[in-house]
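Chemist: Now for the letters of each chain:
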Amino acid sequence: MNGSRLVRWTLRYIALAYLFALLLLPLGVIFDEAFKEGIGEVFSAITAPDAVAALKLTLLTVIIAVPLNTVFGVLTALVMVRSNLPGKRFLNALIDVPFAVSPIVVGLALVLVYGQNGWLGEAFMEAGIKIIFSTPGIVLAVIFVSMPFVAREVIPVLQEIGDDQEKAAETLGANGWTTFWRITLPAIRWGISYGIVLTTARALGEFGAVTVVSGRVSGETETLPLYVQKQFETFNSVGSYSASLLLAVIALVTLLALNLMRRKEN
Amino acid sequence: MSLSSPIKKRRGIQALLVLALVALGAIIVGCGSSDDGGDGGSAKVQLVAYSTPQQAYEQALEPAFKDTETGKGVEFSNSFGGSGDQSRAVEAGQAASYVNFALETDVTRLVKSGQVAKTWKDNKYKGIVTNSVVSIVVRPGNPKNIKSFDDLAGDDVEVVTPNPFSSGGARWNIMAIYADAIEQGKSKKQALDAVKAILKNTPAQPESARVALQTFLGGAGDALISYENEAIAAQQAGEDVEYIIPDTTILIEQPAAVTVDAPQSSIDFLDFLWSDEGQKIWAENGYRPVNPALVDETQYPSPATKLYTIADFGGWDKVADEFFDEENGSIAKINEELGVEAE
Amino acid sequence: MAAGTPTVPSSNRPRASVRLPWAGQALNKGLVVMWLGLMVMLPLTAITTKAFENGLDGFWTAVSSPQAVAALKLTVIASLIVVAINAVMGTLLAWVLVRDKFPGKGIINSVIDLPFALPTIVASLTLLTVYGNKSPIGINIAFTQTAVVVALSFVTLPFVVRAVQPLLLTLDRDMESAAESLGAGRWRIFRQIILPNLAPGIATGVALAFARAIGEFGSLVLVSGNVPFKTEVSSVFIRGQIESDNLVGASAVSVVLLAVSLALLAVVTFIQRWAVRHER
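Chains as they are written, first to last, in our numbering: chain A, 1 to 266; chain B, 1001 to 1343; chain C, 2001 to 2280.
Certain hints may be false.
To be verified - Heads up, simulated DSSO-like pairs for lysine-lysine below, C-alpha to C-alpha not over 30 Å straight-line:
id	chain 1	residue 1	chain 2	residue 2
1	B	Lys1200	C	Lys2230
2	C	Lys2230	B	Lys1189
3	A	Lys88	C	Lys2230
To be verified - Ranges of calculated distance between the beta carbons of each label pair, as one might list FRET restraints:
id	chain 1	residue 1	chain 2	residue 2	range
4	A	Ala257	B	Asp1067	47 to 53 Å
5	A	Glu41	B	Lys1072	30 to 36 Å
6	C	Glu2053	B	Gly1114	20 to 26 Å
7	A	Arg262	B	Ser1113	27 to 33 Å
Rather than coming from a laboratory, the hints here were simulated on the basis of the structure. The C-beta atom is built at its ideal place from N, Cα and C for all residues, glycine as well.
Isolated chain A (complex conformation) (with noise of 0.2 Å):
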């Protein structure tokens, strides 16, 4: 359909507009507030001690989150489409529940479970093992919201290839394992990078959870985001728009590897 040029310039422009306000604008105002003092003083704001805990902080969230959820998500995807197990409508509700979840209903519910009088908090208190207040809380969290991901990118895919090639090699003798990493897992690779690389970006910036089971204490079970917004709490505009900086980067970043994977698969 042939629009006249007035229509089509006229819902480019909407549009455009639209997402310069919501969009490139506060991301341009990241930039600008990050580097309003000058090149060095981000710089030494992502180094400040307390900065550099609160990444690694993260990244050690991210690096334990996301291979648990790629493995467990791969083998409920392979469970839900290539098993007979009842119940699967009932987990397959269970895999959508973390995107129903408010992230501070995540927090009360780790809190619950694994709290000082939690069902199962008790006895890890016992056993001398905080969960809330401490790190585990913080991964615990930040693997729930994570989860979904990678089985909802991967579980499409194995309906669509269909389990005529497996079913092929296991009649040529071919055992479970041979048949998952030589057929299945090479045809499902792409849906599980788009799924790790929405879980990592979903990991990252994770807020809210965190906000609830973290104790807050700097240099310790502080997130990044946790860091930004205690950084603009104490005055220090530069100190938390650098963070914003560090955590919008990997955000671009995360996008770019998303594009170009969609590219490399079509």
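With the hints as your guide, set chains B and C onto chain A.
Modeler: Relative to chain A, chains B and C alone:
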């Protein structure tokens, strides 16, 4: 490609998976336990405090302490937030060896849970490490000409004050308004109405005194009710604000204590904070020393009419019950009334 | 990005061919059930149990308190406004990204996902700067209900766009050409031919956006003011309850939010299954 493999290989790989899981679990747990391995050997002060003294501690008091004999080699871990929130966090298991809150009930909570000794108040300054007063922070030039709490109840005035159920500072603010009304001869009910009139004018009720300050600086409201030390901190950070000390206000007494199993370093730190050197550093950072000899009247003037203390109203235990009990306290009721009126 | 497209494995294959004789299959199934059980079921159950700890009465009291109701009202109304905006703007954006051509389109297309990748606190910080009292464009709406709508619009930006784009891409242009050559006006073509095909995508995007909006927290922290009865949304209210140690109240309101979101996700699943069945 080998098409026949022993069952062992299959099982082996799945067993590896389970092992990897267990290993991961161990890592997670290990991270947790090592976090608070700060007992016994290491001389670490685990500081948990309310929101406003963050810079005072991190940039002045802790470095100064580390320069002293007793403070050499001592490490600090710091956590700051709304006084009530922080106190409840420690009660719920957050590691702490030294606590400093905005009001006494936040320490009493920890006495009740057995984390702070009952004798924490048995010293020269009754457990109070710094003072301040409730002040009103206004825009440069004071465009709305605010001079007293009464002015804050005006029709076109917007006031920022924190949420009294998460912030200790907010409770002091409310008691200051109440005290001012009482001093003017109003009855208890009228005084509460005065509080209500001001609470009605709030465009924001942030969770802590520090966030309230940030919200005010971010443009919300014509005035902020806050600790004098917050106003000074803002000015020291280069923010363009003025503050006034109302004719009648209340003395903010900020308690500190060590926990029952705190290492010696924490006790030494608290002693340092009470020493002349420590008190002078507090004074430089906007806090009124508890040692009256060290209070500079020009920097820290007294209110023109009267300076109340919480003791005038029966102490925090009584006030907390009467005013701030979440179901039956007067302030909770005011909040509800305001809420219903707002609908 | 296919994130958030719940589908149930199609059950139209004969059972026998679905199984693979992996000896460890029981272990796999067990692991998945244990993982989902421990990580999802357990926390969910804990919240639900806590919410009803004081019985139905206790639940109702917590959920019907004036402040909780006000928060929920604001949350739902703001989210409805936001998804309405998204339905229109999201479709428009998808249209422009698919049908139009201009320099930089590729970059714009990638950036649409930014709200998803950016931490919500950073969004809050930057929205405060752009639309607060130090606004470079002179718009100051901080600490108002408008700020809530703006922040929610930011975080829900990608949902409708990404749900509609694939549908637009695979749209059969023949019908459009036919209609055009028969003399139908542009708007009529859009309304009667294109839009019905996009409807499932818009509906999916709207449902996902709504589920996200009602639970949103981080982007509102710095920019909304959080005044009870005025600019306090449910997530902020719940957090306040947690910090006041009122876990039953917090859980009760959480259950309400959860119920709404889960219902929405179920709706999305139905929409997608319906769409699959009605595909030509």
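Chemist: Does the structure break any of the earlier hints, and which numbers would those be?
Modeler: 3, 7
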